[in-house]
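*Asks:* Construct the complete structure from the given sequences, taking the supplied hints into account.
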Amino acid sequence: MTTTKDFINGLSSKLGRPTPTKAPTPVEISVPQYRLSNTEERVSIFLQNWHALGGKGAIVRSENDLLQSLQEWFRDQPINWIKENKLALLAWDMLPTIAESAFSSLNWPLTRYTQSSLNIRDRYSIAAQAELGVTGSDWGIALSGTIVMNSNPLRGRAISLLPPRHLAFIEAAKIRNNLFEVLHEVSALGTPPAAIEMISGPSRTSDIEMDLSIGVHGPIEVYVVVIQD
Amino acid sequence: MKVSLFATCLTNAFYPEVDLTMAKILKHLGHTVDVPEGQVCCGQIAFNSGYVDDAREVARTLINSFERSEVVVGPSGSCIAMIHHYYPTLFEKEPVYLKKAENLIQKSYEFSQFVVDVLKQPDLGAHYKAKATYHPSCHATRLLGIGEAPLKLLQNVKGLELLPLPESQLCCGFGGTFSVKMPKISEAMVAEKAQHVLESGADILLGLDMGCLMNISGYLEKINKPVKTMHIIQLLGEGIKP
Amino acid sequence: MTMYNLTTDQRVDEALANNFLRQATRRATDRLRNNKYKAADELGNWEEWRGAGETIRKHVIANLDYYLNQLIEQMEKRGVHVHLAKTPADAVGIVRKIVHEQEAKNVLKSKSMISEEIHLNHALEKDGVAVVETDLGEYIIQIAGEPPSHIIVPAMHKTRQQVADLFEPIAGHALSSDTPTLTRFVRLQMREQFLRGDIGITGCNFAVAETGSIVMVTNEGNGRMVSTLPRVQITLMGMERIVPSFRELDVLLNLLARSATGQRLSSYTTILTPPKHSADSDGPEEYHLVILDHNRSEILGDELFRTALNCIRCGACFNVCPVYRQLGGHAYGSVYSGPIGSVITPLLEKDWKKWGHLPYFSSLCGACSEACPVRIPLHDLLVKLRMRKTQSGHTPQVEQHIFKAYRYFFSREKTLRRVLRIGAHLQRPFVRNHRISGGPPPLSNWTKSRTLPMVAAKPFMQVWADLKNKR
Chain Z
6 MTTTKDFING
16 LSSKLGRPTP
26 TKAPTPVEIS
36 VPQYRLSNTE
46 ERVSIFLQNW
56 HALGGKGAIV
66 RSENDLLQSL
76 QEWFRDQPIN
86 WIKENKLALL
96 AWDMLPTIAE
106 SAFSSLNWPL
116 TRYTQSSLNI
126 RDRYSIAAQA
136 ELGVTGSDWG
146 IALSGTIVMN
156 SNPLRGRAIS
166 LLPPRHLAFI
176 EAAKIRNNLF
186 EVLHEVSALG
196 TPPAAIEMIS
206 GPSRTSDIEM
216 DLSIGVHGPI
226 EVYVVVIQD
Chain W
59 MKVSLFATCL
69 TNAFYPEVDL
79 TMAKILKHLG
89 HTVDVPEGQV
99 CCGQIAFNSG
109 YVDDAREVAR
119 TLINSFERSE
129 VVVGPSGSCI
139 AMIHHYYPTL
149 FEKEPVYLKK
159 AENLIQKSYE
169 FSQFVVDVLK
179 QPDLGAHYKA
189 KATYHPSCHA
199 TRLLGIGEAP
209 LKLLQNVKGL
219 ELLPLPESQL
229 CCGFGGTFSV
239 KMPKISEAMV
249 AEKAQHVLES
259 GADILLGLDM
269 GCLMNISGYL
279 EKINKPVKTM
289 HIIQLLGEGI
299 KP
Chain E
19 MTMYNLTTDQ
29 RVDEALANNF
39 LRQATRRATD
49 RLRNNKYKAA
59 DELGNWEEWR
69 GAGETIRKHV
79 IANLDYYLNQ
89 LIEQMEKRGV
99 HVHLAKTPAD
109 AVGIVRKIVH
119 EQEAKNVLKS
129 KSMISEEIHL
139 NHALEKDGVA
149 VVETDLGEYI
159 IQIAGEPPSH
169 IIVPAMHKTR
179 QQVADLFEPI
189 AGHALSSDTP
199 TLTRFVRLQM
209 REQFLRGDIG
219 ITGCNFAVAE
229 TGSIVMVTNE
239 GNGRMVSTLP
249 RVQITLMGME
259 RIVPSFRELD
269 VLLNLLARSA
279 TGQRLSSYTT
289 ILTPPKHSAD
299 SDGPEEYHLV
309 ILDHNRSEIL
319 GDELFRTALN
329 CIRCGACFNV
339 CPVYRQLGGH
349 AYGSVYSGPI
359 GSVITPLLEK
369 DWKKWGHLPY
379 FSSLCGACSE
389 ACPVRIPLHD
399 LLVKLRMRKT
409 QSGHTPQVEQ
419 HIFKAYRYFF
429 SREKTLRRVL
439 RIGAHLQRPF
449 VRNHRISGGP
459 PPLSNWTKSR
469 TLPMVAAKPF
479 MQVWADLKNK
489 R
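Residue numbers (the working numbering), protein chains in the order written: chain Z, 6 to 234; chain W, 59 to 300; chain E, 19 to 489.
These aren't lab readings, by the way, just hints derived from the structure by calculation. Just so you know, not all the hints are guaranteed correct.
[Stated by the list, open to error] Within a straight-line C-alpha distance of at most 20 Å, the following computed SDA-like cross-link-like pairs (lysine to any residue) qualify:
hint, chain 1, residue 1, chain 2, residue 2
1, W, K242, E, N37
2, W, K283, E, N37
3, E, K486, W, I262
4, W, K280, E, P471
Note that the structure is predicted; figures quoted are calculated from it, not measured.
*Replies:* The following block contains the structure:
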């Protein structure tokens with residue numbers, strides 16, 4: 006078995022010098038980064054790109070707006086899903102207030118993933134049976150139409166992955182211009198969470214004759230609600 | 059200006075008229091032309107095959123023959139690219155020749171590059187009535203960065219209709235020894251290139267490297283397609299005639 | 019795998035005779051290439067991005083010892099099991115051992131070129147472990163028992179009908195060959211697999227040294243499945259796949275997604291900083307990182323080829339390569355095909371007999387170098403490989419003699435003139451309509467599909483000398 010020390014020393018000798026003890030001076034990077042002038046623009050470009058990827062999205066300013074969007078997207082399907090499967094709507098423990106109250110107003114009962122079962126493997130089965138996964142987001146990226154989510158104990162990674170539909174909420178102020186800005190903020194966290202998921206549209210593949218096909222593994226339908234204060 | 063011609067090994071042996079026409083055009087533009095003795099080849103054929111020592115010997119001969127030249131012009135983007143792109147590596151361990159090579163790099167040009175970028179004479183006053191298309195050879199385009207120069211020369215030819223060549227960026231499959239070392243792959247490539255030439259609807263295929271043109275014309279002839287191929291020098295030379 | 023038993027020539031013949039393959043290759047590479055151009059243009063100044071990508075990769079490789087050490091320290095500090103593999107056999111052994119210790123029966127895999135490089139599936143299957151490739155393209159070629167034909171689109175060479183036929187025994191009934199039916203079948207089929215997997219094996223696009231994070235991009239979401247659901251995760255990485263920090267990651271992720279498929283970001287970009295925190299509600303509990311050398315350290319120590327380690331595996335060079343365009347990937351015979359495969363395979367495998375043909379799978383047109391998002395001079399490296407092969411005496415004797423003769427005559431212009439005069443005589447029997455249309459080998463390699471102009475009666479040097487004398 007090779008020890009780390011031997012392995013690393015081997016590389017140093019290939020490089021013809023001892024292993025540096027100090028961090029190398031980082032390279033200078035100057036690339037033109039995509040920037041928009043204000044939140045409004047970022048929201049609009051973010052949604053435009055999200056739509057282009059095949060996602061559905063809306064800006065909401067009030068609970069009424071939100072109710073309208075949810076009803077337009079899902080009609081009374083959730084009621085039927087619940088009839089079949091009480092755990093059909095699976096969510097993070099905490100969603101933005103407006104989302105929580107909209108779901109109660111509609112009487113669409115949310116199951117909290119973390120409480121759905123004590124057994125982690127059962128949770129996956131529950132998520133796989135669910136019809137809709139509901140999450141918040143930590144950041145958005147306007148340029149690529151991306152939502153970004155950190156994992157933590159009150160959230161599950163499977164919620165945005167296993168159900169055939171994923172609905173994400175994001176506050177307008179969390180939408181950044183580009184990936185660089187998001188990664189910069191991730192850096193500032195110190196140790197990142199176990200998983201950061203960046204999602205740009207639904208699951209897609211072009212592996213069969215380069216023919217684009219949606220939903221081979223991940224969610225087939227993706228929805229995003231931008232909450233505008 | 060006193061211009062030294064680099065008669066590349068391919069044109070020297072197979073297409074002397076290209077070299078000769080190049081000399082005539084440069085004289086027509088008012089320059090003195092000489093053809094230094096001893097020159098043969100840039101060495102690319104051996105270099106690209108991995109025979110670096112053999113290539114170096116041949117390159118040395120070339121460097122020596124142009125040592126006293128003011129400016130060197132050749133009818134091939136590929137050969138000039140060999141000098142510019144690879145001579146520094148070829149002679150990296152020979153300071154004396156490295157210096158000579160650098161000197162040659164500074165004063166050597168592909169024909170269209172020289173006429174358009176150095177002489178600033180994109181309009182040679184040529185007339186030539188034909189429908190033509192132009193194949194941008196890989197080494198001229200990618201290694202020497204020659205983009206516009208040959209097109210400018212052609213756009214200024216009265217009567218010449220320049221048609222676009224589909225997928226023009228694709229290599230014709232010549233690649234020097236590649237064409238005999240990997241003949242089947244090379245054939246597949248030239249077959250596609252020929253197809254694109256036919257699709258262009260042109261009667262003449264133009265280029266600035268006889269290697270590529272020899273390849274494409276050889277294939278077109280084998281499949282009995284009557285598209286004429288010409289070096290841009292040939293077309294310009296004929297077009298300038300009174 | 020039958021293709022491994024064929025000679026290079028046979029593989030080339032097979033590829034050239036396969037019209038579907040050739041059309042599919044053109045279609046796929048055209049599409050990917052055009053998407054890339056759009057995505058690159060849109061970024062504003064692609065050359066600046068490429069420059070940054072090149073700088074970052076060179077910096078990482080020049081300091082690979084430091085960064086790799088940092089990565090390992092970060093990982094181990096948090097309880098990740100880091101394994102170092104000098105050879106493919108070591109890497110396979112490490113994975114087998116983990117699988118054995120876990121008593122795992124079902125192993126899920128997301129796309130990993132390293133696993134192809136070390137031929138992992140075969141070894142695990144021999145141990146009686148069920149290995150499921152979850153990337154749709156990889157799944158298709160796994161069933162077909164073939165290696166990938168494109169680094170990004172591994173089953174590009176399969177028709178939809180072939181895919182349907184491959185799926186039929188698994189489905190137990192015939193499937194219609196339309197894409198939605200086929201993908202729906204895979205979705206349902208894989209769902210069960212995902213929930214049953216004991217161990218997930220993933221690849222790694224980038225490893226962030228500063229934080230000890232693994233970055234993985236997929237479009238299907240299978241990478242997320244494999245890195246979320248099984249209790250144990252193993253990530254396989256080539257030891258050069260490092261970025262110093264998130265700052266550099268931005269540049270490389272942009273270059274990768276745009277160069278590979280023309281996307282701004284892939285559908286799923288996952289940054290794992292394993293293992294899961296104890297209170298996290300899901301994610302694997304145990305995490306193994308296997309870092310493979312396999313002669314990469316030899317490349318590191320070889321200044322002629324060091325830049326080959328800069329590759330970010332985007333496949334952009336495949337999509338512009340006129341040779342790949344005609345052949346697809348299988349004719350190369352190697353796991354990594356296309357221009358970068360022709361460069362790295364001989365270096366990784368160190369076997370001229372087996373892989374000596376690869377540096378010649380190029381007309382040296384330079385399209386690969388132009389396309390590379392981190393500016394690896396790929397076609398130059400191919401020339402250098404030919405040089406290495408020549409210098410180590412692995413080229414045919416005849417060829418060596420030809421170039422000795424070339425060297426002699428092409429540095430003696432006057433002598434060459436005499437040779438050309440002889441040539442002008444000798445060509446006569448082969449001349450028809452002023453063209454040469456036949457001849458002995460190796461000339462026949464040319465004349466089989468092309469005519470050749472006649473050697474001029476007088477070479478230009480003679481023409482010019484005569485003109486001068488006249489004056």
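*Asks:* Taking the hints in turn, state whether each one holds.
*Replies:* Outcome of the hint check:
Using a Cα cut-off of 20 Å, the hinted pair K242/W and N37/E holds, with the two alpha carbons roughly 15 Å apart. Between K283/W and N37/E the CA atoms are separated by roughly 23 Å; this puts the pair beyond 20 Å, and the hint is violated. The straight-line distance between the Cα atoms of K486/E and I262/W is roughly 33 Å, outside the 20 Å bound, and the hint therefore fails. Our distance criterion of 20 Å between C-alpha atoms is met by K280/W and P471/E, whose separation comes to about 12 Å.
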